[in-house]
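Undergrad: Spelled out, the chains give:
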Amino acid sequence: MSEETGHLQLEALLSDALRPIEPPEDLVSRVESTLTAITEQAAAELSSWAEELSEGEREALRDPRNWVRPVAAVAVGTVAGGALVLVGMRRRRRPTGLRATAENVLKTVRPD
Amino acid sequence: MSAAKEESEAADPGSKAELDRAFEELYRAHLRDVYSYSYYRVGNHHDAEDLTEQAFLQAYRHFERARRESDGRPLRPWLIRIAHNLASNYHRDRARRPEAALEAVEPPADPHRTEQIVEGREELRLVMQRLERLSDDRREALIMRFALGMSNREIARALGRTDGATKVLIHRAIKQLEEEMSGT
Numbered sequence: 117m118s119e120e121t122g123h124l125q126l127e128a129l130l131s132d133a134l135r136p137i138e139p140p141e142d143l144v145s146r147v148e149s150t151l152t153a154i155t156e157q158a159a160a161e162l163s164s165w166a167e168e169l170s171e172g173e174r175e176a177l178r179d180p181r182n183w184v185r186p187v188a189a190v191a192v193g194t195v196a197g198g199a200l201v202l203v204g205m206r207r208r209r210r211p212t213g214l215r216a217t218a219e220n221v222l223k224t225v226r227p228d
Numbered sequence: 030m031s032a033a034k035e036e037s038e039a040a041d042p043g044s045k046a047e048l049d050r051a052f053e054e055l056y057r058a059h060l061r062d063v064y065s066y067s068y069y070r071v072g073n074h075h076d077a078e079d080l081t082e083q084a085f086l087q088a089y090r091h092f093e094r095a096r097r098e099s100d101g102r103p104l105r106p107w108l109i110r111i112a113h114n115l116a117s118n119y120h121r122d123r124a125r126r127p128e129a130a131l132e133a134v135e136p137p138a139d140p141h142r143t144e145q146i147v148e149g150r151e152e153l154r155l156v157m158q159r160l161e162r163l164s165d166d167r168r169e170a171l172i173m174r175f176a177l178g179m180s181n182r183e184i185a186r187a188l189g190r191t192d193g194a195t196k197v198l199i200h201r202a203i204k205q206l207e208e209e210m211s212g213t
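Residue numbers (the numbering used here), protein chains in the order written: chain A, 117 to 228; chain B, 30 to 213.
Bound conformation, chain A alone (with noise of 0.2 Å):
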């Protein structure tokens, strides 16, 4: 066999064994949920934010040293994100097995 017709069964055999995965379908909800979840806490936060400025908390919001509060807003907004996301995945990875029978025993057996 020539050193090309090797190189070109091992390609064909990396594409046959290196397959395209499909992600599952809740991955999909999941991932917008989450991302609209974040945009919609961060123009929650800024909003509320707005609606409570005088004429005058507006006027001074035009020198930079006041902008810390929207960047804070936004941070919370991502905080938020990250949240739900930790939330998520701690659900997900609840114990299961043998750790969780202990637990459920422990429960059980010391209900406080």
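Source of the hints: derived by calculation from the structure; they are not laboratory data.
Here a beta-carbon is modelled for each residue, glycine too, at the ideal position from N, C-alpha and C.
Hints are not guaranteed to be accurate.
[To be verified] Partner residues aside, some chain A positions facing chain B, computed with beta carbon under 7 Å: (1) L126; (2) L129; (3) L130; (4) S131; (5) A133; (6) L134; (7) P136; (8) I137; (9) P139; (10) L143; (11) V147; (12) L151.
[What the hints assert, rightly or not] Pairwise CB distance ranges (calculated): (13) A:E148 - B:N118: 16 to 26 Å; (14) A:S149 - B:N118: 19 to 29 Å; (15) A:A160 - B:E161: 45 to 55 Å.
Since chain A is already given, all that's left is putting chain B on it; use the hints.
TA: Positioned in the frame of chain A, the structure of chain B alone reads:
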């Protein structure tokens, strides 16, 4: 919001609505790529899902800037680079964190046991096993090439290398794999 306003916002390349629409397009077009890459890097569906989700969240946060700096070039390499970095962090964290005794009862998925992905054909199983013998960068380049169908240029951008260095990397990866296969 009126339909006319919505329409004009969607057409404005800098508007939030247009940005979200473009991100949704990117997300739908490359979800499978990011998921496949994550899966071949971590070797199980559970962690691949988490990595994919994290990759898109990170991408969303930096999308506006990435789009501005991409100068019209495709954003797939940028997305895969995010997934690549997250997978590297995942392996680094796992190496640092010892497993608690009780948790060890359920064996954690070995991140490099990609051979479990292939069922049936012995030849394919062998290729996957031999892939494990390659260095990380060679294996990652082959995953990008064969699982995602990326070009040398795209792989170069995803790995932060030059086109020439990437071509050499892939050539050496295939050559080593060939030698590994013929040695069995």
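Undergrad: Each hint: holds or not?
TA: Hint by hint, here is what the structure shows:
For the restraint placing A:L126 at the interface with chain B, the shortest Cβ-Cβ distance is roughly 6 Å, inside the 7 Å limit, so the hint holds. For A:L129, the suggested interface contact is upheld, since its CB lies about 5 Å from the closest CB of chain B, less than 7 Å. Given hint, A:L130 at the interface with chain B, holds; its Cβ is 4 Å from that chain's nearest Cβ, closer than 7 Å. Interface restraint check for A:S131: the shortest CB-CB distance to chain B comes to about 5 Å, inside 7 Å, so the restraint holds.
Interface hint status for A:A133: upheld, as the beta-carbon distance to the closest one in chain B is roughly 5 Å, under 7 Å. Contact between A:L134 and chain B, as hinted, is supported at the beta carbon level, the nearest pair being about 4 Å apart and thus within 7 Å. Because the smallest distance between the Cβ of A:P136 and any Cβ of chain B comes to about 5 Å, under 7 Å, the interface hint for this residue holds. Interface restraint check: A:I137 against chain B, minimum CB-CB distance 4 Å, threshold 7 Å, status holds.
Checking A:P139 against chain B by beta carbon gives a least distance of about 4 Å; that is within 7 Å, so the hint holds. The interface hint given for A:L143 is met, as the beta carbon of that residue sits about 5 Å from the closest beta carbon of chain B, less than 7 Å. Hint status for A:V147 relative to chain B: holds, with the closest Cβ pair at about 5 Å, below 7 Å. Satisfaction of the interface hint for A:L151 is found here, the shortest Cβ-Cβ separation to chain B being roughly 6 Å, below the 7 Å cut-off.
About 24 Å separates the C-beta atoms of A:E148 and B:N118, a value consistent with the hinted range of 16 to 26 Å. Between A:S149 and B:N118 the beta carbon distance is about 24 Å. The supplied range of 19 to 29 Å therefore holds. For the pair A:A160 and B:E161, the supplied restraint of 45 to 55 Å holds, since their beta-carbon distance comes to about 48 Å.
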